[in-house]
Amino acid sequence: MTHAYTPGLRIAEKTTVTSHRALPLLGDVVVKKGDLLKAEDIVAKTYLPGKVHAINAVNRLGIQPKDLREYMLKKEGDSVQKDEPIAETKPWVKMLKSVLHSPIAGTIETISTVTGQILLREPPKPIQVYAHIDGMVIEVIEKEGVVMETIATFIQGIFGVGGETVGELAIAVDRPGDILTAEHIQSGHKGKIIVGGSFIQHDTIDKAKKVGVKGIIVGGFNDEDLRKLLGYDLGVAITGSEDIGITLIITEGFGKIQMAQRTFELLKSRSGAKTSINGATQIRAGVVRPEVIVPYEKRDKTVNEGTDKPIDRGMEIGDPVRIIRVPYFGKISKIKALPFSPQKIETEATVRILEVEFPDGTTAIVPRTNVEMIER
Amino acid sequence: MNVIIATDCGSTTTKAILIEKKDGVYRQTFRGESPTTVEAPFEDVTRGVLNAFAELEELSGRKILDGEKIITPAQGNVGVDIYVSTSSAGGGLQMMVAGAVKTMTAQSAQRAALGAGAIVMDVIASNDQRLPHEKIDRIRHLRPDMILLSGGTDGGTVTHVVELAEYISAANPKPRLGMAFQLPVIYAGNKDAREKIKEILDKKTSLHITENIRPTLERENLFPARQEIQNLFLEHVMAQAPGYKKLISWTGAPIMPTPGAVGLIMQTIARKNNINVIGVDIGGATTDVFSVYGEIFNRTVSANLGMSYSISNVLAETGLENILRWVPFDMEESDLRNRIKNKMIRPTTIPQTLEELKIEQAIAREALRVSFEQHKSLAVGLKGVQKERDISEAFKQEATGETIIDMLKLDLLVGSGGVLSHAPRRSQAMLMMIDAFQPEGITRIAVDSIFMMPHLGVLSTVNEQAATEVFEKDCLIHLGTCISLVKGSIGKHGEKCISYTIIMSDGKRIEESLPYGELRVIPLGIDETAEIEILSGKNFDIGAGKGKPITKKIFGGVVGIVIDTRGKPITLAKDKASRVKQLQQWTKAIDAYPE
Chain B
1 MTHAYTPGLR IAEKTTVTSH RALPLLGDVV VKKGDLLKAE DIVAKTYLPG KVHAINAVNR
61 LGIQPKDLRE YMLKKEGDSV QKDEPIAETK PWVKMLKSVL HSPIAGTIET ISTVTGQILL
121 REPPKPIQVY AHIDGMVIEV IEKEGVVMET IATFIQGIFG VGGETVGELA IAVDRPGDIL
181 TAEHIQSGHK GKIIVGGSFI QHDTIDKAKK VGVKGIIVGG FNDEDLRKLL GYDLGVAITG
241 SEDIGITLII TEGFGKIQMA QRTFELLKSR SGAKTSINGA TQIRAGVVRP EVIVPYEKRD
301 KTVNEGTDKP IDRGMEIGDP VRIIRVPYFG KISKIKALPF SPQKIETEAT VRILEVEFPD
361 GTTAIVPRTN VEMIER
Chain S
1001 MNVIIATDCG STTTKAILIE KKDGVYRQTF RGESPTTVEA PFEDVTRGVL NAFAELEELS
1061 GRKILDGEKI ITPAQGNVGV DIYVSTSSAG GGLQMMVAGA VKTMTAQSAQ RAALGAGAIV
1121 MDVIASNDQR LPHEKIDRIR HLRPDMILLS GGTDGGTVTH VVELAEYISA ANPKPRLGMA
1181 FQLPVIYAGN KDAREKIKEI LDKKTSLHIT ENIRPTLERE NLFPARQEIQ NLFLEHVMAQ
1241 APGYKKLISW TGAPIMPTPG AVGLIMQTIA RKNNINVIGV DIGGATTDVF SVYGEIFNRT
1301 VSANLGMSYS ISNVLAETGL ENILRWVPFD MEESDLRNRI KNKMIRPTTI PQTLEELKIE
1361 QAIAREALRV SFEQHKSLAV GLKGVQKERD ISEAFKQEAT GETIIDMLKL DLLVGSGGVL
1421 SHAPRRSQAM LMMIDAFQPE GITRIAVDSI FMMPHLGVLS TVNEQAATEV FEKDCLIHLG
1481 TCISLVKGSI GKHGEKCISY TIIMSDGKRI EESLPYGELR VIPLGIDETA EIEILSGKNF
1541 DIGAGKGKPI TKKIFGGVVG IVIDTRGKPI TLAKDKASRV KQLQQWTKAI DAYPE
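The listed protein sequences derive, respectively, from chains B and S. Per our numbering, the first sequence starts with residue 1, numbered consecutively. Per our numbering, the second sequence starts with residue 1001, numbered consecutively.
Any given hint could be a false lead.
If you want the footprint, here are the derived chain S segments under chain B, 3+ residues with CB under 8 angstroms [stated by the list, open to error]:
(1) 1312 to 1321
(2) 1339 to 1347
(3) 1501 to 1509
(4) 1572 to 1584
With a straight-line cut-off of 30 angstroms between C-alpha atoms, the simulated DSS-like cross-links for lysine-lysine are [unchecked claim]:
(5) S/Lys1198 with B/Lys51
(6) S/Lys1204 with B/Lys125
(7) B/Lys45 with B/Lys33
(8) S/Lys1063 with B/Lys344
(9) B/Lys33 with B/Lys143
(10) S/Lys1174 with B/Lys125
(11) B/Lys74 with S/Lys1198
(12) B/Lys66 with S/Lys1191
(13) S/Lys1204 with B/Lys143
(14) B/Lys66 with S/Lys1198
(15) B/Lys256 with S/Lys1576
(16) S/Lys1204 with B/Lys66
(17) B/Lys45 with S/Lys1174
(18) S/Lys1102 with B/Lys51
(19) S/Lys1196 with B/Lys74
(20) B/Lys74 with S/Lys1576
(21) B/Lys75 with S/Lys1174
(22) B/Lys75 with S/Lys1203
(23) B/Lys344 with S/Lys1473
(24) B/Lys33 with S/Lys1198
(25) S/Lys1203 with B/Lys45
(26) S/Lys1203 with B/Lys74
(27) B/Lys45 with S/Lys1473
(28) B/Lys90 with S/Lys1196
(29) B/Lys66 with S/Lys1102
(30) S/Lys1196 with B/Lys66
(31) B/Lys51 with S/Lys1203
(32) B/Lys66 with S/Lys1576
(33) B/Lys228 with S/Lys1576
Just so you know, the hints here were simulated from the structure itself, not pulled from any lab data. Virtual Cβ for every residue (Gly too), placed ideally from N, Cα, C.
Could you build the full structure based on these sequences and the hints that come with them?
Set out below in structure tokens:
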């Protein structure tokens, strides 16, 4: 039987979560293996090379490129201050002297005797990487970063926007099918990550931003509202660096779709806990899905690894699945039959299918590729 | 070699085909597919390959795997003789190119990179109006897999190309995959600058020097740079992608980038039949367009125009209105938007309802149209070359650098990729291609039967006989011939437009006329030919000039002869109800969908 490598999302009540915290460039790791950290702690820091400025020195000085070094007052690697002379001509009449001043404070990167350019680099910009989750350092990768580990409730969303943030988890609606409206957003939600039900509109997000909500987790969202939120039509799903003042994670898809009951119940059970979320999504090679991590305070090792993730075995009759395409989009069902031969569907395409049974006992035929496996 | 297994690891799906030699002839026998698994949690392309093999085993009854090992050689119904593969998984090869002058060497460099199957992320040129720090920032932030640096004819400018090398050096770029590896940089510019380039880039990058892509103003020499790009892609980039080292060890021939393999097949079709060909491969992440006009081959990779990962970018590029104009029923804009986004976030799903299929085919028309526009703008003659002109050309103000794509001189249009190859009815594929490419005059149209051109492209490098036999017997499906008005032919709906006489091979004679704005299909079998004489109205041109008749031998196909008097460009009614009616009439005429 072929394996069911369905693009399922991972949802676990209590599991070991590891997180790679890496610098974009090599730098210094400031923690050690075994350290217990808070999400806000710095784990590594480095400096991003500064911006490069090019000066066409030969034009400015009226000299030949090959002679440039003779006129330089500084050499490669030297630091310079803004407006400090870096090169000058040496005419017989001093009044005719041309001086080249540095437009920035920084260092001399390159002096080119071919192009006659001087490249100057601004001072490096410090960058720091935070732990992002409460947990333990289990591995230090020298000069690059660390691997953090925690025992947590872990939920992968299907799509998100906005970067990493940390706050207390608050449930804002009663049921997973409820629509999160502006009335649900209270002043007490300031600094928190709130959980909605099936849908949220742009005006509600505006209200949440005004109140100071750090993040929202909800079942569905309209693409029209996403365009309003971002200010442009999102072409390719590579997100996470948008500066929108809030992180939004949707768990089911675009449109009004009830949040999966289990996801909602799990989040509800962790209400009040410190939660780390990240809206970053990359749906391409090396897929990245948005994440909700709610660490447990006590690091007990009785981990109950969730099985709501892609599993390395064939689909079997009785397995629960989520349908991920119209006309049954978002519905949870159970596999009733797995016919071997491809069958003709409404479009007249002949594809491999499965038969599903919904909780009300009705059944439907669905292409195998239009389902994802979920926990039993 | 009697049993061959080939895969194409696409960005969304890994497709496997089995080719078996039966009665002395190679035939494609079974096909399997599985989601590509370069992503977490698997992060190993071979998982998807094994899964596709397992499906082939199930369908064919042939035992291919012993655990996770390919059984080779074939004996009876067990094992295969060779395994070959192409790949565009991992987002393909993403490159930056740099050249001295934007419209000359930089464009040659761009053509070299595109020709090697790369996605060109940006073109840096000495005269591209950006400030030096902007160029350096761009290089640093894009994190390409490779940079192609060109510039200067041999004996020409050194300064400009050295300047570009200085920018690359200052950016100190890091590759996307593998933090410890140096970024491959290919230098294919003025040979007099090689030593200087070495001084600047040798320590900071993995520098490879090859022949100048523009040794003289009049000559382009793209092959050595293309070859080097493909070699480095395999050695440096693919080898860093998850699971590729293992996959490389399984294959009996080097893994080829998918567009490179499809390009090989397109060139073979054009060369063997001595015809001009345009081909398209519409994938999940990219749409690749190929053209062979005479000796000139061009390939463009429209990154981020595809039907799964990039489907939302088709909407962003073309706009909602352009997509909606092809939807043959009334639907809410917000509903269409959400459906497109849902496909983007769950790219492996397929349409289950007829309505969903029609929506996907509407989006495909726009992805194809925009990709073809991009191709036309890049498939141009050499720029910077002085060309002698006669007096009429001088008045026409034709400049070098104009597209070489002439739809009237096109003999064959070939479509490949999921949405075309797997369209439930072949007439859907034909209509999608006619609407998107808008052929002019008389053009044959064909489709890759089950999307296997990439497999056959790579197979042709190890067993040309097998590749050719399978291509001719199982891969290329002739849909028929399209007879269309030429660009600029615009009339009123219902206006007298053309009349024609078709003499079938059995002598049967069809005499008909077709007013402006309609489509008609006349059955003509796949191995049949006919003679057609067309008389066009005085305002309409079918290829010989306005009002002038044309007589030609035409070829049949699984759809037949499609006569298209919809005018060029195709103009749809402005009001929604009339537009929907128009579309329904056209789809009915070509029998695209069930009643």
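We went through each hint and held it up to the structure:
With a cut-off of 8 angstroms between beta carbons, the segment 1312 to 1321 of chain S has 5 residues touching chain B; three or more are needed, and the interface restraint holds. Look at the segment 1339 to 1347 of chain S against chain B: 8 of its residues bring a Cβ nearer than 8 angstroms to a Cβ of that chain, three or more, so the hint holds. Counting residues of the segment 1501 to 1509 of chain S whose C-beta sits closer than 8 angstroms to any C-beta of chain B gives 0, which falls short of three, so the coverage hint is violated. Only residues whose beta carbon comes within less than 8 angstroms of a beta carbon in chain B count, and the segment 1572 to 1584 of chain S has 0; fewer than three means the coverage is violated.
A hinted pair counts as satisfied when its Cα atoms are at most 30 angstroms apart, and S/Lys1198 with B/Lys51 qualifies at roughly 24 angstroms. Straight-line distance between C-alpha atoms of S/Lys1204 and B/Lys125 comes to about 21 angstroms, which keeps the hinted pair within the 30 angstroms bound. With a CA separation close to 16 angstroms, the supplied pair B/Lys45 and B/Lys33 stays within the 30 angstroms bound. Pair hint S/Lys1063 plus B/Lys344 holds up; C-alpha atoms about 27 angstroms apart against a cutoff of 30 angstroms.
For the proposed pair B/Lys33 and B/Lys143, the alpha carbon gap of about 14 angstroms is at most 30 angstroms, so the pair holds. As the CA atoms of S/Lys1174 and B/Lys125 are separated by approximately 18 angstroms, the hinted pair is consistent with the 30 angstroms bound. Under the criterion of a C-alpha separation no larger than 30 angstroms, the hint pairing B/Lys74 with S/Lys1198 is consistent with the structure, at around 25 angstroms. Between B/Lys66 and S/Lys1191 the CA atoms are separated by roughly 20 angstroms; this keeps the pair inside 30 angstroms, and the hint holds.
The hinted pair formed by S/Lys1204 and B/Lys143 meets the criterion: a straight-line CA distance of about 19 angstroms does not exceed 30 angstroms. At most 30 angstroms may separate the alpha-carbon atoms for a hinted pair to count; B/Lys66 and S/Lys1198 meet this at roughly 18 angstroms. Taking the CA atoms of B/Lys256 and S/Lys1576, the gap is near 27 angstroms; set against the 30 angstroms cutoff, the hint holds. In summary, the hint linking S/Lys1204 to B/Lys66 is supported, as the alpha carbons are separated by about 24 angstroms, within the 30 angstroms threshold.
Restraint check: the Cα-Cα separation between B/Lys45 and S/Lys1174 comes to about 18 angstroms, which is no more than 30 angstroms; the hinted pair holds. Straight-line distance between C-alpha atoms of S/Lys1102 and B/Lys51 comes to about 24 angstroms, which keeps the hinted pair within the 30 angstroms bound. As the CA atoms of S/Lys1196 and B/Lys74 are separated by approximately 22 angstroms, the hinted pair is consistent with the 30 angstroms bound. Between B/Lys74 and S/Lys1576, the direct Cα distance comes to roughly 70 angstroms. Violation of the 30 angstroms bound is thereby established for this hinted pair.
Between B/Lys75 and S/Lys1174, the direct Cα distance comes to roughly 26 angstroms. Compliance with the 30 angstroms bound is thereby established for this hinted pair. This hinted pair checks out: B/Lys75 and S/Lys1203 have alpha carbons roughly 20 angstroms apart, not beyond 30 angstroms. As the CA atoms of B/Lys344 and S/Lys1473 are separated by approximately 25 angstroms, the hinted pair is consistent with the 30 angstroms bound. Between B/Lys33 and S/Lys1198 the CA atoms are separated by roughly 42 angstroms; this puts the pair beyond 30 angstroms, and the hint is violated.
With a C-alpha separation of about 26 angstroms, the suggested pairing of S/Lys1203 with B/Lys45 holds against the 30 angstroms cut-off. Note on S/Lys1203 and B/Lys74: the hinted pairing holds, with a Cα-Cα distance of about 23 angstroms set against a maximum of 30 angstroms. A hinted pair counts as satisfied when its Cα atoms are at most 30 angstroms apart, and B/Lys45 with S/Lys1473 does not qualify at roughly 61 angstroms. Pair hint B/Lys90 plus S/Lys1196 holds up; C-alpha atoms about 28 angstroms apart against a cutoff of 30 angstroms.
For the hint linking B/Lys66 to S/Lys1102, the alpha-carbon distance of about 26 angstroms falls within 30 angstroms, and the restraint holds. For the hint pairing S/Lys1196 with B/Lys66, the CA-to-CA distance comes to about 13 angstroms; that is within 30 angstroms, so the pair holds. Proposed proximity of B/Lys51 and S/Lys1203 is supported: the alpha carbons are some 21 angstroms apart, at most 30 angstroms. For the suggested pair B/Lys66 and S/Lys1576, the alpha carbons sit about 69 angstroms apart, so the restraint of at most 30 angstroms is broken.
As the CA atoms of B/Lys228 and S/Lys1576 are separated by approximately 26 angstroms, the hinted pair is consistent with the 30 angstroms bound.
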